[in-house]
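In case you want the letters, here they are:
There are 2 protein chains.
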Amino acid sequence: MPLTDDMHLISVDDHLVEPPTLWLDRLPAQYRDAGPRIIDLPIQSRPDDPPANVWQYEGKLFPQIGLNAVAGKDPKDYGTEPLRYTDMIPGCYEPHARVIDMDIDGVQAALCFPSFPRFAGTVFLQADDKALALLCVQAWNDFMIDEWCAAAPDRLIPIVIMPLWDVDACVAELRRTVAKGARAVSFSENPAGLGLPSFHTAHWDPFLSACEEADVPLCLHFGSSGQAPQTAPEAPFAVTITLFGCNSMYSTADLLFSPVFHRHPRLKIAMAEGGIGWVPYILERADYVWNRHRFYQNVDQRTPPSELFAEHMFGCFIDDVHGLGSRYEIGLSRILWEADYPHSDSNWPNSRKRAIEVFADIPDAEVRQMVETNSRELFNFPR
Amino acid sequence: MPLTDDMHLISVDDHLVEPPTLWLDRLPAQYRDAGPRIIDLPIQSRPDDPPANVWQYEGKLFPQIGLNAVAGKDPKDYGTEPLRYTDMIPGCYEPHARVIDMDIDGVQAALCFPSFPRFAGTVFLQADDKALALLCVQAWNDFMIDEWCAAAPDRLIPIVIMPLWDVDACVAELRRTVAKGARAVSFSENPAGLGLPSFHTAHWDPFLSACEEADVPLCLHFGSSGQAPQTAPEAPFAVTITLFGCNSMYSTADLLFSPVFHRHPRLKIAMAEGGIGWVPYILERADYVWNRHRFYQNVDQRTPPSELFAEHMFGCFIDDVHGLGSRYEIGLSRILWEADYPHSDSNWPNSRKRAIEVFADIPDAEVRQMVETNSRELFNFPR
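If you read the sequences in order, they're chains A and B. For the working numbering, add 15 to where a residue sits in the first sequence, where the first one is 1. For the working numbering, add 15 to where a residue sits in the second sequence, where the first one is 1.
Don't take each hint at face value.
Intra- or inter-copy, both count: the list cannot distinguish identical chains.
Below, simulated EDC-like cross-link-like pairs (lysine to aspartate or glutamate); rule was C-alpha separation at most 20 Å, straight line [said to hold, decoys possible]:
{"hint": "1", "residue 1": "75", "residue 2": "379"}
{"hint": "2", "residue 1": "75", "residue 2": "299"}
{"hint": "3", "residue 1": "91", "residue 2": "315"}
{"hint": "4", "residue 1": "88", "residue 2": "21"}
{"hint": "5", "residue 1": "91", "residue 2": "302"}
{"hint": "6", "residue 1": "195", "residue 2": "20"}
{"hint": "7", "residue 1": "368", "residue 2": "220"}
{"hint": "8", "residue 1": "195", "residue 2": "161"}
{"hint": "9", "residue 1": "145", "residue 2": "92"}
{"hint": "10", "residue 1": "368", "residue 2": "322"}
{"hint": "11", "residue 1": "368", "residue 2": "96"}
{"hint": "12", "residue 1": "368", "residue 2": "89"}
{"hint": "13", "residue 1": "91", "residue 2": "379"}
{"hint": "14", "residue 1": "91", "residue 2": "40"}
{"hint": "15", "residue 1": "145", "residue 2": "326"}
{"hint": "16", "residue 1": "91", "residue 2": "228"}
Everything labelled a hint here was simulated from the structure, so no lab data went into it.
I would like the entire structure built from these sequences, with the hints used as guidance.
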């Protein structure tokens, strides 16, 4: 009897599309023009169509409003990025509608990553005016806590982004948002990919210590390093989508051989959307390398990588049959479920139906742990 | 009773270090100076030590003679690249000594990749004088067939490299070497990484057709795209070693979504040293992506990636417990064993001993298939 009716599905990787006035509603008057806002842009190749909705920020245009928000579409229609809010179902950008879509999907609670700011808010890292950028980060976090999650506090888990360019500002923003309810931070899977100091430096220590003190985990979404797996200019995008989990493998190996967990023994990190089927391979390989190569390198000499993983890290999966078959190797306590609404990996509106199939041969207690208990514990989000 | 005494271990990934006069012995007189030869170079920081042996080619120095040829060393002494031939055991560069080392290791037959030319001979691709470079490729192939493998034709499997800069020359060199006994080609895991046309172009078709006609498989060694997994400048090299299998994942996804197998229905490709534990995850993920994203992309609309893999590709492993546990998902016929002598991943002189442990719970017939039969068939290398 897998996935019984009383089990809550908690998704640790969903996405929201920012409503058009998120920043207009929150930024001081002098920043209204430069801050992110939606403008209407006629489509040159289709002049008879209604104009597209496009983010404008510091005078630059950001044409992808929804990062492939395809929930409810037929796969045959994928590939066409939504051009307007009216091309999306309202659950993408409106919290009450989202909760209804979660009901349809059989999902109890969700952690929603940003769209326009990118998964870890890196659009603001790349901005010119960092005073404005800090206000933009704060505005997104306030929206997340005060408006998005406030619409259904038992259904939506507050996750916040950080002003990545300033580690002291990260500490301050973490404390400010935790005080008002933040339960997770969306951070970069590899800051070095963004031109920032890597996990192998001491740079992030004050922030990581603040996360430990607040008992707030980091969620590292694949792609949040600004890097995407690419093989060749002509390769179909399917290659990149297939390989995105490699970003999470990179990040996992990078962290396991870094000083992060030795300096921060209570830190927890979840690899959002990375899948779990690769975890046994990477941990076995990391231990193999550690056994042979630790002696001449600046690597912890006592704790094998697999033990660090078991203590600190979590794999997250949407639909990973091989990964579930390997759940004892990964560790039942290390596995979190996700729905990925409204992206193309999602099974919406059939997430629960698909989960019932995927969990068919797995004992009750194990299913409950993976879909609900692990997440409630990690995010301090009790029933 | 796994790995019984009558089963031959066939290693599809070992390495040889080129003897100092390989090219001097074979190049026409006018090329003796510019062609690869070993020179003695005093070590500035240790002037009392004997000089290092260094390859010189077209006036440039290539300080790594052995690409981490550490067979026989204690892991505590890894990290120090051999500086001289006398720092290595003779089996690295001398075929009769190699066969003795294989006997010690319990290995019946081996396929040996180049060292100085790099896995797919890409040093010659980057050379200035392409007439000389072609002669260098031919010299290596002649050494491989006439000297290395001729020393023990039932123990050493001839693998050749190609003049990658000229597809017609590749066809000619393939035919020339096949006529004298070549059984495999060491090719690039991703030519696009080398600045060459990718697998998604028609560029390689004449060469791939020639491989099909000759029934010669391609061996794509990880790293042969010129790319190495890197996360940060300060990351210990252990991160890169742990992640090298991601190169094989990239290459597998790249090929499965390319036209290569549709255009070349008899082509076979082995992913040398890539490991196998990741194969079920990547195939499941590739099929998932294919199911959702094939419609709007230039992707084969009929054959799921997992079926293409089952028809065309092989995973190769040294010591992959998770991969062996997943052998039915990977496909027993898709798995090849390897020893990796004399590199740091190798278990030499305990390869057979370690294999007995790894195969302990696997039925006889399955073990034989993975360690011997699959390879003998793929490389046309009967008992």
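Going through the hints against the structure:
1. In this assembly of identical chains, the alpha carbons of residue 75 and residue 379 never lie at most 20 Å apart, being 51 Å within a copy and 65 Å across copies at closest.
2. Taking the closest pair of Cα atoms, residue 75 and residue 299 never come within 20 Å of each other, the shortest separation being 46 Å inside a single copy and 39 Å across copies.
3. Only between protomers do residue 91 and residue 315 lie at most 20 Å apart by alpha-carbon distance; the minimum there is 14 Å, versus 49 Å within a single protomer.
4. In the homo-oligomer, the alpha carbons of residue 88 and residue 21 never lie at most 20 Å apart, since the shortest distance is 29 Å inside one protomer and 58 Å across protomers.
5. Taking CA atoms no more than 20 Å apart as the test, residue 91 paired with residue 302 passes between copies only; the shortest distance there is 16 Å, against 43 Å inside one copy.
6. For the homomeric pair residue 195 and residue 20, neither the shortest alpha-carbon distance inside one copy (32 Å) nor that between copies (68 Å) is at most 20 Å.
7. Taking the closest pair of Cα atoms, residue 368 and residue 220 never come within 20 Å of each other, the shortest separation being 43 Å inside a single copy and 45 Å across copies.
8. In this assembly of identical chains, residue 195 and residue 161 lie within 20 Å of each other by CA distance solely inside one copy; the values are 9 Å within and 75 Å between copies.
9. In this assembly of identical chains, residue 145 and residue 92 lie within 20 Å of each other by CA distance neither inside one copy nor across copies; the values are 39 Å within and 49 Å between.
10. For a Cα distance limit of 20 Å, the shortest separation of residue 368 from residue 322 qualifies neither inside one copy, at 34 Å, nor across copies, at 27 Å.
11. When the C-alpha separation of residue 368 and residue 96 is checked against a cutoff of 20 Å, the pair qualifies neither within a copy, at 27 Å, nor between copies, at 55 Å.
12. Only within a single protomer do residue 368 and residue 89 lie at most 20 Å apart by alpha-carbon distance; the minimum there is 17 Å, versus 54 Å between protomers.
13. Within a single copy, residue 91 and residue 379 get their C-alpha atoms no closer than 36 Å, and across copies no closer than 47 Å, so neither meets the 20 Å cut-off.
14. When the C-alpha separation of residue 91 and residue 40 is checked against a cutoff of 20 Å, the pair qualifies neither within a copy, at 37 Å, nor between copies, at 61 Å.
15. Taking the shortest alpha-carbon separations for residue 145 and residue 326, neither the intra-copy value of 36 Å nor the inter-copy value of 54 Å comes in at or below 20 Å.
16. In this assembly of identical chains, residue 91 and residue 228 lie within 20 Å of each other by CA distance neither inside one copy nor across copies; the values are 47 Å within and 38 Å between.
Hints 1, 2, 4, 6, 7, 9, 10, 11, 13, 14, 15, 16 from the earlier list are contradicted by this structure; the remaining hints agree with it.
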